[in-house]
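Engineer: Spelled out from the first residue to the last, the chains are:
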Amino acid sequence: MSTEQASQTRNIDQAPEQDENILLTYFLFGIFFGITLTRSEVLSWFRIQEMFRFQSPRMYEIIASAIAVAGASVALIKRLGLRTISGESIELPPKIIGHGVRYAAGGTIFGLGWALTGACPGPLFALVGNGVTVMIVAIISALAGTWTYGILRPKLPH
Amino acid sequence: MIGFISDPWPWYVAGPVIGLFVPALLILDNRLFGVSSSMRHVCAAVFPAKLDYFRYDWKRTGLWNLLFVAGILVGGFLASQWGGSHDVAISESTRIALTKLGIHNFSGLAPREVFSWTALLTLKGFVSIVVGGFLVGFGTAYAGGCTSGHAISGLADLQLSSLIAVIGFFAGGLIATHFLFPLFL
Numbered sequence: 000m001s002t003e004q005a006s007q008t009r010n011i012d013q014a015p016e017q018d019e020n021i022l023l024t025y026f027l028f029g030i031f032f033g034i035t036l037t038r039s040e041v042l043s044w045f046r047i048q049e050m051f052r053f054q055s056p057r058m059y060e061i062i063a064s065a066i067a068v069a070g071a072s073v074a075l076i077k078r079l080g081l082r083t084i085s086g087e088s089i090e091l092p093p094k095i096i097g098h099g100v101r102y103a104a105g106g107t108i109f110g111l112g113w114a115l116t117g118a119c120p121g122p123l124f125a126l127v128g129n130g131v132t133v134m135i136v137a138i139i140s141a142l143a144g145t146w147t148y149g150i151l152r153p154k155l156p157h
Numbered sequence: 000m001i002g003f004i005s006d007p008w009p010w011y012v013a014g015p016v017i018g019l020f021v022p023a024l025l026i027l028d029n030r031l032f033g034v035s036s037s038m039r040h041v042c043a044a045v046f047p048a049k050l051d052y053f054r055y056d057w058k059r060t061g062l063w064n065l066l067f068v069a070g071i072l073v074g075g076f077l078a079s080q081w082g083g084s085h086d087v088a089i090s091e092s093t094r095i096a097l098t099k100l101g102i103h104n105f106s107g108l109a110p111r112e113v114f115s116w117t118a119l120l121t122l123k124g125f126v127s128i129v130v131g132g133f134l135v136g137f138g139t140a141y142a143g144g145c146t147s148g149h150a151i152s153g154l155a156d157l158q159l160s161s162l163i164a165v166i167g168f169f170a171g172g173l174i175a176t177h178f179l180f181p182l183f184l
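Here the protein sequences line up with chains V and R, keeping their order.
Numbering that gives the first Met the number 0 numbers the first residue of the first sequence as 0 and each following residue consecutively.
Numbering that gives the first Met the number 0 numbers the first residue of the second sequence as 0 and each following residue consecutively.
Treat the hints with caution; some may be incorrect.
[To be verified] Computed footprint of chain R on chain V, listed as stretches where at least three residues anywhere in the stretch have a Cβ under 8 Å from a Cβ of chain R:
#1 37-47
#2 107-114
#3 133-139
It should be emphasised that the hints constitute simulated quantities derived from the structure, not laboratory data.
All C-beta atoms in this analysis are idealised placements derived from N, C-alpha and C, irrespective of residue type, glycine included.
Produce the complete structure using the sequences and hints provided.
Structural biologist: Listed below in structure tokens is the structure:
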């Protein structure tokens with residue numbers, strides 16, 4: 000075994016076991032989020048239509064209460080100076096506003112797609128799990144959209 | 000308890016549960032709740048094509064997000080197995096409006112006459128699935144986030160940029176619903 004290989008082996012052996020556990024935890028969180036998207040029905044095209052037609056408060060109540068709970072949690076984390084389970088300080092990097100064009104234009108383009116597909120990115124995956132398998136095509140198309148942004152980015156106003 | 004697993008949740012359960020993903024991911028390992036960046040990570044991993052936007056260590060930045068998204072798919076599957084197959088109980092006025100647009104099948108999570116493999120190459124199927132999907136991927140990348148990253152994480156942190164993005168989300172959604180749908184459905 001070369002020195003390099005030996006050091007790699009040692010690094011793997013010494014890598015904190017917690018890291019792999021954390022990766023598994025993200026997967027479990029994802030499962031719970033997929034169940035949440037399904038049981039809340041926010042992944043339904045019908046609910047999205049109801050929302051954009053202002054014909055039921057349900058989606059607005061869900062989004063508003065989600066923001067309220069998330070906002071209160073973030074405020075509490077900041078006030079109490081809470082740390083991650085590995086002891087790091089919790090940082091929320093501020094988004095750079097610039098001219099704000101990317102948020103207005105990108106947001107509107109995403110909004111068009113949100114209504115057309117009846118799904119934002121999380122629900123696209125949850126719908127495939129729920130058996131609406133044709134949404135695999137929507138996901139591939141979304142990947143093509145993200146990739147196209149990668150090409151056009153230098154030319155787009157931000 | 001059985002009902003909690005198999006029945007639709009009321010908004011006051013659904014919303015707060017969604018909101019709790021923000022502190023849970025922050026406390027777990029400083030991760031910002033958001034889904035759309037997973038698409039950037041897939042591009043970076045599979046076909047970066049030497050584009051600056053895709054040149055970063057996707058495993059370090061994005062592996063957690065890809066696992067989270069894989070979990071969403073599995074979670075959707077589990078929920079579909081545990082749940083009764085109720086129709087989504089939308090309001091009568093929405094049902095009437097959609098019927099006028101030519102939607103007649105109200106079973107399932109999305110109308111089968113639009114969201115099925117057989118409808119994929121019809122005008123309404125293609126626009127909804129292929130064009131819609133492309134706009135989701137392009138728009139979220141351009142805006143730097145989707146409903147989770149901007150509307151929930153961003154607004155929870157009082158970010159002005161996220162407020163602008165969310166106003167854009169609704170502007171786009173209203174334009175599509177009220178002006179584009181009558182043209183292709």
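Engineer: Any of the earlier hints contradicted here, and which numbers?
Structural biologist: none
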